[in-house]
Amino acid sequence: MASPRRQALIVLAAQIVALTVFLVVWEWAARTRLINPLFIGEPSKIFAYFFDGLFVNGVMLKGAAWTLSETAVSFLIGSVGGILFGLLFAVFPACEKFFDPVLSGLNSLPRIALAPLFVLWFGIGAASEIALGVSLTFFIVLYNTMAGTRGVDSDWLVLSRMLGASSTTIFFKVTLISAVPTIFSGLKLGLIVSLLGVIAGGIIAGQHGLGQLLSYLAGTFETNGVFAVLLLLAIIGAALTSLMNAVERHLLRWR
Amino acid sequence: MPYGGDASIRVARVTHVFPGGLLALNDVTLQVDGGEFVSIVGPSGCGKTTLLNLIAGLVEVQEGNVAVANEPPMAGRRDVAYMLARDCLLPWRSALGNVMVGGEFRRVPTAERRKRAHDFLEKVGLRGFENHYPKALSHGMRQRVALARTFSLDSPILLMDEPFGALDAQTKLQLEDALLGLWGAERRTVVFITHDLAEAVTLADRVIVMSCRPGRILADIRVSLERPRSVRALQKNPRYHEIYAQVWTKLEEGLSETNSLT
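If you read the sequences in order, they're chains A and B.
Position one of the first sequence corresponds to residue 90 (the working numbering), numbered consecutively onward.
Position one of the second sequence corresponds to residue 6 (the working numbering), numbered consecutively onward.
Rather than coming from a laboratory, the hints here were simulated on the basis of the structure.
Idealized CB from N, CA, C, for every residue including glycine.
Okay, derived cross-link-like pairs now, DSBU-like style, lysine-lysine, Cα gap no bigger than 30 angstroms in a straight line:
1) B/K177 with B/K128
2) A/K277 with A/K262
3) B/K120 with A/K262
4) B/K140 with B/K177
5) B/K241 with B/K128
6) B/K120 with B/K140
7) A/K151 with A/K277
8) B/K128 with B/K140
9) B/K140 with A/K277
10) B/K177 with B/K241
11) B/K140 with A/K262
12) A/K262 with B/K128
Some chain B residues judged to face chain A by a derived CB distance under 7 angstroms, without partners named:
13) A80
14) G81
15) Y87
16) R91
17) C93
18) P96
19) W97
20) G107
21) F110
22) R111
23) Y138
Calculated Cβ distances over 10 angstroms to all of chain B for the following chain A residues:
24) I99
25) W115
26) L192
27) F211
28) L322
29) I325
30) A328
This is chain A alone, in the form it adopts within the complex:
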C-alpha cells in the first residue's frame, strides 16, 4: 500500500499524462481535419489567443476587468439586499408573510427570462448585466439568511432569556451569529451566480465584458477565441470559489 503522499503524486502524474494525451489527440484531430477545427479549435492556437488576449493585445484582460467589476457590484447589491431583507423578515415575520407571494413567484421564475425586460429598462451594457446578476444573487442570499436565522438552537434562546438578555442582544449576539455559516454558504453561491448573471447578461446584451466577447467571437466563428475565453472564465470561477473558501475558513474557524 502506497503512502497517501505517494498516492497523491501518482494521481497527479496520471492527470498530467492524461491531459497531455488529450491535448495532443485534440491538436492532431484538428490539424488532420479529422474533426473540423471550426467546431473544436486547435489547442496551440487557443493558448496563443489566451496569451495574446491577456498580455499582448489585452482584449481578454479588459473584458475580464469589466466582468469582474460588474460581478463585484452585482454581488454587493444582491447580497447586502438579501441579508437586509432576510434579517428584516427574521425580526418581523409578518413582513415575510406579506411579501411571500411576490418573492416565491419571482424566485420560481427563471430569472434569465427577465433579461429582455432589463435591456428595455437599463439599455445595452453594464447596468443590464448587473441587474441580471443581482436578480440571481438576491434570492439565494435572502433564503439562506432566512434559513440561518430560523435554524437558531432554541435552548440558546431559553438560556439567553434566563440570563436576562434583551431581545436585541439575543438577536445580535446569538441568532445572527448562529446564522453566519448558512448566510456564508449563500454568499459563496451568490458570488458564482453573480458571475453567471453578468456573463449571461453580456451574451444577451453586453458592451464590454467577457460575455459580450464570447458572443462576438462565436458569431465570427473565432472558435479558438471562444475556448480561450472559456478557459479564462473557468480560472476566474475557480479563483473566486477558493477566495470565498479561504474567507470562510478564517471566519468560521470555530466550526
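Knowing the structure of chain A, use the given hints to seat chain B on it.
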C-alpha cells in the same frame, strides 16, 4: 458570604395543566430555604421540569402560588441562574467567552467578568483550556464550562435541570464532585432536577420524590450526611446506602400506586 438576604423558594398548591388538558402537576407544595440544596427525583414525564420552569418563570403559573425570594418568578432575574442538560455553549466563543457570556448579557463590566470567568474555569479544572472552542472539548469538559458559566454569575439561586443527564457514568461522578466543591464554597440555594437517585442523595440536603404524571410530591427525605462530601467516600458510607434505599422505596411505591390505578 456574598449571598445574604432571602434566597428561598416557595411553591404553594400549584396545579398545572398542559394545553390539551393533560394534568402535569397536581397540588404541589414545596419550600426551599436559602442556602439549601434540594434535589427533585421522579420518573420521566412526572412534571419535574415543568415545576422547575414554573420557578424559573419560563412557564406561567396557572393555579397556586410561586415565590422566588418573596417575588413572583420571572425569566431573566439577576438572582436566578439556570442550567440545562445540554451545555448550550455558543460554538463561536472560546471556553472563556462562553463563561463570560452570562455577565455580558447582565452588563457586568468586562474586567470583572473576565476575572470571574478565569476563576471559575480554574475551579472546574479547565485551566489552560480558556481559548479552546467547544468543538475541541469533550462532553464532560463542555459541561464543566457550562457549570463555570452558571457559577460565575453572582445569582444566589441556581435552578438545574438534569445538568449531568447526558454524561457517561464516570464523567458524571467527576462533575458531581466539581459541583459539590463549587456549592460547598458558597452555599447558594439549588434546585436540582434529576432522575438519578444516587446523584440526588449524593448532592442534596433534601430529596423530593415525585410520582408519575400527574406529578405530586410523595416524600421529602432529609439527607443527613455530613459535608463536605466526596462522591467516592459516600460509596463506602452505610448511611448513604440507607438513605438511597429509602428514596428508592418511596419512588417504587409511587410507581406501583400509579400502575394499580391504571
